[in-house]
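Undergrad: Going down the list, the sequences are from chains A and B.
Position 39 (the first sequence) corresponds to 39 in the working numbering; numbering is contiguous.
Each number in the working numbering corresponds to the 1-based position in the second sequence with 1000 added.
Hints are not guaranteed to be accurate.
[As the list claims (entries may be wrong)] Over 12 Å on every C-beta distance to chain A, these chain B residues come out as not near it, computed from the model: (1) Gly-1073; (2) Pro-1077; (3) Ala-1262.
[Said to hold, decoys possible] Stretch-level coverage of chain B by chain A, calculated; a stretch enters the list once three of its residues show a Cβ under 8 Å from a Cβ in chain A: (4) 1091-1101; (5) 1155-1161; (6) 1179-1189; (7) 1271-1280.
Hints listed in this document are in silico derivations from the structure and should not be mistaken for laboratory results.
In this text, all values refer to a predicted model and were calculated from it rather than measured experimentally.
Note that beta-carbon positions come from the ideal geometry of N, C-alpha and C, so glycine has one too.
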Amino acid sequence: MRVVLAEDSVLLREGLIRLLAAAGMEVVAAVDEAEGLLRAAEEHRPELVVTDVRMPPTHTDEGLRAALVLRRQQPGLAVLVLSQYVEERYAAQLLASASAGGVGYLLKDRVADVAEFIDALRRVASGGTALDPEVVAQLLLRGNSDPLERLTPREHEVLRLMAEGRSNAGIGQSLVLSEGAVGKHIGNIFTKLDLPPAEGDHRRVLAVLQFLKIRSLP
Amino acid sequence: MKVPRPWSARAWLDTAHVMIGFPVGVLLGGLTLLLAVAPPLLRRALPWFTRVQRSRLHAFQGVRIPPVPAPAGWREPMTWRQIGYHLLSPVVGVAGAVLVALAWGGAVVGLLAFLPPKLQEPPLEFALDLRDNRVQLAFMLVGLALLVLAPFLARGMAALDLSVARALLGPSRTELGQRIETLTESRAGVIDAADAERRRIERDLHDGAQQRLVSLAMNLGLARATLTDLPEPAREAIEQAHEEAKQALKELRDFVRGLHPAVLNDQGLDAALSGVAARAPFPVKLRVDIERRTTPTIEAVAFFTVSEALTNIAKHAAATRAEVSVRRERDRLHVLVHDDGCGGARMDGGTGLRGLAQRIDSVDGTLRLSSPLGGPTTIEVELPCE
C-alpha cells in the first residue's frame, strides 16, 4: 500500500516510516509541512495519507485543512489524521468532509499501541473509519442528544466500538457476544437513529456522523 | 477637623513641626542656593534634601507625600518643583516660626502679667503701667486669647507647609494621570506577556517533549510487538517501560491542554469550549454566541473561566448537568456557568475560585457568584473586549 506521510517532528516521522514499513506499507513520500503534503499527494497519488494536525509554518490546524482539501480533490483517498489532543470539532469536520468512509482521526498516543494503530490504518485504507476511542467516549458521555437517550447501555457500547471503526466480529470479540447478536444491536441502533437501509453500505459511518452533527448543534 | 487644644499632643507636634521647619528650611534653602553655582552637584543633592523634608513631614504630620520617580534631569518639571519647594520652605519656615513663637510667647507673657515686676523698675517709661489692675487684666485676657489661638496658628502654619510640600514634592495631577496610563499599559503588557508565555510553553512542549515521548512510546511498543523471543525479565521491563511512557504521555497531554489549547487559537472559543464541555464527566449544554472574535487574551481568560468552573463542578458540586453560555454584546463578553449541584461554593473557600477571580480581575472583568447551600450554583463573568 502506498502511503504519504506528513509530520513535522523528524523523530516521529522517522519512527512512523519504520512502523509503516514493518507493517508492509510503502511510504512513498514523507513531508514536514502542509504545502508539501498537497504536492506529494498530487504527485504520488497514494492510497492513504497520514497527517499531523499542526504543522509549519503557522503550527495551527494546517494538516487538518490540507486533509480536507485532499478529501475534496481526490475522492476515495483515505486520510488518517493524527492529533496531539482530541478535538471533536476537528473530527466532525473531517467526518463531514465525506459521508463515505476512508477517514480516521486518532490521538498521536495511539501509535504507541502498534498493533491497534496498524489495524486502524488498514481499516481506514480499506474505506472504513477509525475514530479515537477518546472522541467516541466524549460523544457518548453527552447525553443531551435525544436519539441517543433511546439507546440501551448495551447499544451504547456497541455504538462506541462501531464508531471507533470496529467490524461486527471485532465488536463481538470485545463484548463477548455472537456476531448475530451484534448485528441485531446494530440494527436497533440504526432504527433508533432513523437510518433506513436504503442509504447504502455506510450506515455505520452515518450513525457516528449523525451523532456528531447532533452534538455540534447549539 | 479636630480642634486642637493648647495642651494636646497635636498642638505640640504642630508647634515642633513649625519650629523645626524653620532651621531645616533655612539650611536646605541656603544649600540649594549655594549649590546653584554647581548645577550637577545640586541635581545630586536635591533628592537628599527632598528626602529630609519628606521625613520631617512624616514624623510630625504623619503624612507620606507620594514619591515621584527620581527626577532625571533639568528638563523634568519635578526637578524645578523641588527646587521651588526648597527655596520656598525657608520663607514659610521663618513666617511660621515667628508667628507661632509670638503667639506662644505672648500667651505666656500675658498670663504672667499679674506678677508684679519686683526686681527692678521697668527700664523704659511704658505708656501702660503694668501695676495698673486694668492693664494687668487686659494683658491676661490677650494672653488667654493667644493661648487659645496658638494651637490654631501652629496647625495652620503646619497645614500651609504641608500643602506647599504636597503641591511641589508630590506628583502633580498630570503626572498622576500619566502614571496611571503607564501602569495600565504595563499591566496589559504583563498580562499579554503571561498569556504569550503560556502559549510558548505549550508550543515548546508540543514540539519537543510530547513528540519525543510519542516516539519513545512507539519504539517501546514496536519492541514489545516484535521482540517476542526475549527472556521473560527483559520482556517485562519493556512492557513496563511502554506502559509508563504511555501514562507519562497522557499526564503531559492533560497538563499541556490546560495551559492553552491550540484549538483556541485556530478556531476560537466555540471549538475550544466544546472540547472542554465534552470532557466534563456530566452533560454540559453549551451555547456560544460570538459574531466577532475577541483578543487572544480575553479568549484565554474566558476559556480558563469555563474550564476552571467545570473542573470545580466535577470535583465538588455533585451535579448531574451544567449549562454554559458565552455571548458577546458589543464590548462585553458574558460568560455564564450554571450547575444543579449542591452549591455552597465560596470565593474564599479554595484556591480555584480565587485564582479565577484574580485572572478575571487582571483584565478588568467582573465575577459574580451565587451558590446557596443546596444549590444551584451560578457563576457570571463579564469581560471587556474591543
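Undergrad: Can you tell me if the segment 1155-1161 of chain B counts as covered by chain A, using C-beta to C-beta distances under 8 Å and a minimum of three residues?
TA: It is violated, with 0 qualifying residues against the three required.
Undergrad: With a Cβ-Cβ cutoff of 8 Å, does the segment 1091-1101 of chain B contain at least three residues near chain A?
TA: violated (count 0)
Undergrad: Pro-1077 of chain B: least C-beta distance to chain A exceeds 12 Å?
TA: holds, 48 Å
Undergrad: Do three or more residues from the segment 1271-1280 of chain B put their C-beta atoms closer than 8 Å to C-beta atoms of chain A?
TA: Per the Cβ count (7), the hint holds.
Undergrad: Mind verifying the non-interface call on Ala-1262 of chain B? Its CB should be farther than 12 Å from each CB in chain A.
TA: Given that some Cβ of chain A is not farther than 12 Å from that of Ala-1262 of chain B, nearest at about 6 Å, it is violated.
Undergrad: Does the claim that Gly-1073 of chain B lies off the interface hold, with its Cβ farther than 12 Å from every Cβ of chain A?
TA: holds, 46 Å
Undergrad: Would you say the segment 1179-1189 of chain B counts as covered by chain A, given the rule of at least 3 residues with C-beta under 8 Å?
TA: violated (count 0)
The structure fails hints 3, 4, 5, 6 (numbered hints given earlier, in ascending order).
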